[in-house]
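Novice: Take the given structure of chain A and dock chains B and C to it, following the hints.
Chains as they are written, first to last, in this note's numbering: chain A, 1 to 423; chain B, 1001 to 1325; chain C, 2001 to 2331.
Since the hints were derived computationally from the structure, they do not count as laboratory data. All C-beta atoms, glycine included, are put in the ideal place defined by N, C-alpha and C. Fair warning: there could be bad hints in the mix.
[What the hints assert, rightly or not] When the alpha-carbon atoms are kept at most 35 Å apart in a straight line, the in silico DSBU-like pairs for lysine-lysine are as follows:
no.	chain 1	residue 1	chain 2	residue 2
1	A	Lys232	A	Lys246
2	A	Lys11	A	Lys333
3	C	Lys2168	C	Lys2322
4	C	Lys2168	C	Lys2194
5	C	Lys2274	B	Lys1045
6	B	Lys1157	B	Lys1172
7	C	Lys2207	C	Lys2194
8	A	Lys11	A	Lys329
9	B	Lys1157	C	Lys2168
10	B	Lys1021	C	Lys2322
11	B	Lys1157	A	Lys329
12	B	Lys1021	B	Lys1157
13	B	Lys1045	B	Lys1021
14	B	Lys1172	C	Lys2322
15	A	Lys232	A	Lys11
16	B	Lys1021	C	Lys2168
17	B	Lys1157	B	Lys1045
18	C	Lys2207	C	Lys2274
19	A	Lys246	A	Lys333
20	B	Lys1250	B	Lys1172
21	C	Lys2168	B	Lys1250
22	B	Lys1157	C	Lys2322
23	B	Lys1021	B	Lys1172
24	A	Lys333	A	Lys188
25	B	Lys1045	B	Lys1172
26	C	Lys2207	C	Lys2267
27	A	Lys188	B	Lys1250
28	B	Lys1045	C	Lys2322
29	A	Lys329	A	Lys246
30	A	Lys188	A	Lys329
[What the hints assert, rightly or not] Chain A is faced by these chain B residues, among others (derived, beta-carbon under 10 Å):
no.	residue
31	His1252
32	Leu1278
33	Phe1279
34	Asp1280
35	Glu1281
36	Leu1282
37	Asp1283
38	Ala1284
39	Ala1316
40	Glu1319
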Amino acid sequence: MENARLVRWLKQVGDTVTQGEPILELETEKSLVEIEATETGWLVEQLLAVDAEVHIGDQAAWLETDKAEDAASSPRAAPSKTSASTPATPQTPPAGSGASAGLMADVPPKAARGDKSAAVAHASEASAASASAATTAAVAPATATRIMSSPVARRLAAQANLDLHTVRGTGPRGRIQLSDVRRAIEGKTPPTTPQPLSSMRRAVARAMTLSVSTIPQFIVAQAVDWTAVQAKRTELNAQLTPGAPKVTVNDFLLQAIARALLTYPALNATFRGDPSSPDAAIVPAQGAHIGLVVAVENGLLVPIIHDVQQLGLAHLARRRTDSVDRALKGRLKQAELEGGTFSLSNLGARGPDSFTAIVSPGQSAILAVGRQRDTVVAVNGGIHVRPMSELSLTVDHRVADGRLAAEFLRYLVEILEGNEWRA
Amino acid sequence: MSQTFIEILRRALDEELARDKAVHLLGEDVAAGGAFGVTRGLAQKHGETRVRNTPISEAAITGMATGAALCGLRPVLEIMFIDFATLSLDCLVNQSAKYRYMSGGQLSVPMVVRTQAGAAGGAAAQHSQSLEAWFIHVPGLIVVAPSSPLEAYGLLKSAIRMEDPVLFIEHKRLYTMREDIPATLELPPIGRARVARAGDDLTLIAYSAMVPTALEAAEELARSGISVEVLDLRTLLPLDMATIAASVSKTHRALIAHEAVLNGGVGAEIAARIGSELFDELDAPVTRVGCPFVPIPFAPELEHALLPGRDHIVRAAREMLGTQG
Amino acid sequence: MTDPGSLSLSSTLDLLGMLCRIRQFELQVQRLAAAGEVPGFPHLSTGQEAVAVGVCAHLEAADTLFTGHRGHGHVLAKGSDIEATFAEIIGRDSGLCRGRGGSMHLVDAGRGVLGATGVVAGNLPLAAGAAWAAQAQGSSSISVVFFGDGATGAGVFHETLNLASLWKLPLLFVCENNGVAEFTTREEHSNVSKVSAFAAPYAMPTKTIDGNDVLGVHEAARNAIAAIRRGEGPYLLECMTYRMAGHFVGDAQQYRSKEEIAAMREKDPIERLKRHLLAGGMAQAELDALVERARQQVLEAVERARAGARPAAATVGEYVYKSASLDGIPG
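Next up, chain A with everything else stripped away, as it sits in the complex (with noise of 0.2 Å):
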């Protein structure tokens, strides 16, 4: 396979951009691929439109990040940022001014199966011509453009020593503003005197912390394969009206756990009350109330997705998108963060192999999901690679014991390995 189309534009110019975190997403002959990046930055400038065809090789995109050491001499070019009328970007890539050409570019655990997806893996010769970039840019100023920065900003930036190039401007066409330098001198400085809490680490603080003391915590662990659920997910998403979210993998656990936990009532429900007390009693909810874990800026919000039973995969998608969204902008209501009795904690391909959540204080489970991971399983005897995860369900123990837990989680795990799916 050789060449794809650019179907969707996963992050937008001037996004924040995490390493591995998928950033768009191409169509092959055979399947969606979702193409992630392999530096942790901004998105500074599409260079592909949606519906392009691209071959293996294209430059899709630039990143610019913080790695401004090696260049601290060199003259500098400094990016285009986001500005429309600034006319022809660089051909080549601008100058070690912290902006490594980086493309996003990594071979999907799919294409290393045989799965024939185009790949634009560029990491290796992005540095590579970030290197050589350095020495070119240097005799081409012609084509370098100035920093727009307001003259307080530059003011600030002098006495912090801060270099202009290495700060994000987010004012008018890109300008540098005060509080863009501000923000870029507290994320360089590691605080060295203590810290007053901001309103989110001290919500998360008094929850976790309410909740280790108050809920007796057990984990139960097991593995799941994802081959169904990919072919699943290919197959609605094809089929999704254009500009309708995408099915993830998110999506087909929330149905999944809300099947189970409809299945298996006794753990879809809330212990009130002191053990010791007369009026303590369990709760049981009605339909499935999920939440899911998101993290923003400087902590997390868990939003509520009330009667997950009802929703197909692909409504499900758009819920879910919807409330990532919301809550990544603060714009949650107050009865998006109650009701729930589960909730899904899912730290996606950057995530460690497994790990354990800490149940939410007014739930009695969560589900921790560890990365995806092509492991080598025996299968009627033969050696096979699937595409494989370690789910650990952390479960109140006052509501339910192992042995309720345990046969919870495996039919869980029996769903996602199957076939009967709600689109």
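Specialist: Chains B and C in isolation, oriented as in the chain A frame:
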């Protein structure tokens, strides 16, 4: 006790006439009360020699006020519309402003020229202008533009006590504005601006009728979390750069709003000074809101389309704050 | 010539002395201007001295005087110090106005010279204002304003006549009608050849006299000023005269014929007064001595003026405002 702008001016003049025998009022119809009623009753109370009507002779009466000021009177001359100050210009610019300097300090001209400016619905091009920018260009003059009844009361009294010629520019639209005047009042100094509203994100500089508009804009911006500091200049010449500098050094953004035409307006002078004296404090370009380069038209729709208002200020402020807004 | 018996000899000699001092003063201004020592454009009143001298003889120190761009004579006739006046004209710090006014903006407040102005007719309403102040203050002072016939073209001339008449101001309008305004003759400026014709529409008393007859001016001014001091209101005195020098120093006077110039010398007020005094029995030598004394007085004053200090550049910003907090500020 609440009074309108006009009532407060009358009260200030009444008190000054009583306080200082040198104070004399003159102008077209002033003894009869004046075109806007400001001097009503004052001739009856203080005598026709202290409050005198003049014929329609702006050039001569401005000269007479100046000559009398040279000789120990403190004339308060009323020029009905600032648009007619054009007829007074030879005297104001070539004589009143320069007498002290040209005489090497032998003489001074303690006179006040009260006039009014601004568009107020249908007065059209020759009765609606804001021409204060012409006068800040003349060394020797003082130019004051009060923004409310309380301000007008104090500033007029301060103006009458100045030893130099003061152009006191009222605004038509403020004439009906009401305010309570406390029993005792410190007279605001000429040449000192006032912080009408404290804020942190942006300095909004205004004067005259634009100050109430600026305060409305600040209130609206506050609802979006933008904290605007509103400066009421009060005196346009001399300009209080110290107060402007303190504010812009805090907010790092300056927005100037006036009703007058932008081209060559007072805002241009302030912007130039901020640009040169406060360059390193600026986080955004200095911005001005003012009237486009068009005479004030007659039809209400056209007039309304032209005049800068609260929405223009809000929009400009948001643009200046960019992604932060 | 007016009846010589109406004025004492000593007073007449005073008049002559002042005429000669003014004449000499203007000659010195002309001389130094030709040598490049006088900045700008001084306007000489050579030949028109009789009007200044005849009118100012009746003025007190408290009476206020306003004049125009051709005002050296008026200022001196009112009593200003010759040295200080000359120093101002050559831009010295020791000048009346510390070098800030110059020839066209002479002010000597202490002697009631409230100002010359370079804007034709600009002084008229100022004088009316000064007269109004005197009236309002209940003082018996009057105000006098000198202007040329060209000023009668200005609107403010008429506005001021109207107001002065309306308010019955103690103001003497003195028009020096020399038949020429700037570079053009009166016929080209106006169909009204005599300025006194403007008085009647404003209900103002007026007279037209020979402005080169100092005794005649003296007499007419006495009557006019007495009437004004009696509270009878303003008066317009028109003095027909002749400008011996050009509009300003450097003006080559291409617009006058030789015959005109010869006739003008006939009318020279100083020569006329001298002839009058000689006819009255005064000795030529005595006359010459008086003239020479006046000349010396001026020459010495001029030399002292020339030695005066020049203004320091650092003081340029002083006197813009009287209010202490404002003076010296950049706007």
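Novice: Now, for every hint given, state plainly whether the structure supports it.
Specialist: Right, here's what the structure says about each hint:
1. A:Lys232 x A:Lys246: holds (12 Å)
2. A:Lys11 x A:Lys333: This hinted pair holds, its Cα atoms lying about 25 Å apart.
3. C:Lys2168 x C:Lys2322: Holds: lysine 2168 (chain C) and lysine 2322 (chain C) sit about 32 Å apart, inside 35 Å.
4. C:Lys2168 x C:Lys2194: holds (23 Å)
5. C:Lys2274 x B:Lys1045: This hinted pair is violated, its Cα atoms lying about 59 Å apart.
6. B:Lys1157 x B:Lys1172: holds (20 Å)
7. C:Lys2207 x C:Lys2194: holds (10 Å)
8. A:Lys11 x A:Lys329: Roughly 15 Å between the alpha carbons, so the hint for lysine 11 (chain A) and lysine 329 (chain A) holds.
9. B:Lys1157 x C:Lys2168: Holds, at roughly 31 Å.
10. B:Lys1021 x C:Lys2322: holds (21 Å)
11. B:Lys1157 x A:Lys329: Judged against 35 Å, a Cα distance of about 55 Å means the pair is violated.
12. B:Lys1021 x B:Lys1157: holds (14 Å)
13. B:Lys1045 x B:Lys1021: Distance ~13 Å between lysine 1045 (chain B) and lysine 1021 (chain B) Cα, so the pair holds.
14. B:Lys1172 x C:Lys2322: holds (31 Å)
15. A:Lys232 x A:Lys11: holds (25 Å)
16. B:Lys1021 x C:Lys2168: At roughly 21 Å apart (the allowed maximum being 35 Å), lysine 2168 (chain C) and lysine 1021 (chain B) satisfy the hint.
17. B:Lys1157 x B:Lys1045: At roughly 19 Å apart (the allowed maximum being 35 Å), lysine 1045 (chain B) and lysine 1157 (chain B) satisfy the hint.
18. C:Lys2207 x C:Lys2274: With a Cα-Cα distance of about 25 Å, the restraint between lysine 2207 (chain C) and lysine 2274 (chain C) holds, given a limit of 35 Å.
19. A:Lys246 x A:Lys333: With a Cα-Cα distance of about 24 Å, the restraint between lysine 246 (chain A) and lysine 333 (chain A) holds, given a limit of 35 Å.
20. B:Lys1250 x B:Lys1172: Holds, at roughly 34 Å.
21. C:Lys2168 x B:Lys1250: Status violated; Cα separation ~60 Å.
22. B:Lys1157 x C:Lys2322: Holds: lysine 1157 (chain B) and lysine 2322 (chain C) sit about 17 Å apart, inside 35 Å.
23. B:Lys1021 x B:Lys1172: Holds, because 29 Å separates the two Cα atoms, which is no more than 35 Å.
24. A:Lys333 x A:Lys188: holds (33 Å)
25. B:Lys1045 x B:Lys1172: holds (26 Å)
26. C:Lys2207 x C:Lys2267: This hinted pair holds, its Cα atoms lying about 20 Å apart.
27. A:Lys188 x B:Lys1250: Cα-Cα ~25 Å, so holds.
28. B:Lys1045 x C:Lys2322: Roughly 32 Å separates the two Cα atoms, so the pair holds.
29. A:Lys329 x A:Lys246: Holds - the C-alpha atoms of lysine 246 (chain A) and lysine 329 (chain A) are around 20 Å apart, at most 35 Å.
30. A:Lys188 x A:Lys329: Judged against 35 Å, a Cα distance of about 24 Å means the pair holds.
31. His1252: For histidine 1252 (chain B), the interface hint holds, since the closest Cβ of chain A sits about 5 Å away, which is under 10 Å.
32. Leu1278: holds (9 Å)
33. Phe1279: With a closest approach of 5 Å, the phenylalanine 1279 (chain B) hint holds.
34. Asp1280: holds (5 Å)
35. Glu1281: holds (5 Å)
36. Leu1282: holds (5 Å)
37. Asp1283: This hint holds: aspartate 1283 (chain B) lies near chain A, its Cβ roughly 4 Å from the closest one there, short of 10 Å.
38. Ala1284: Check passed: Cβ of alanine 1284 (chain B) comes within 6 Å of chain A, closer than 10 Å.
39. Ala1316: At 13 Å from the nearest chain A Cβ, alanine 1316 (chain B) fails the 10 Å test, so the hint is violated.
40. Glu1319: Where the cut-off is 10 Å and the nearest Cβ of chain A is about 7 Å from glutamate 1319 (chain B), the hint holds.
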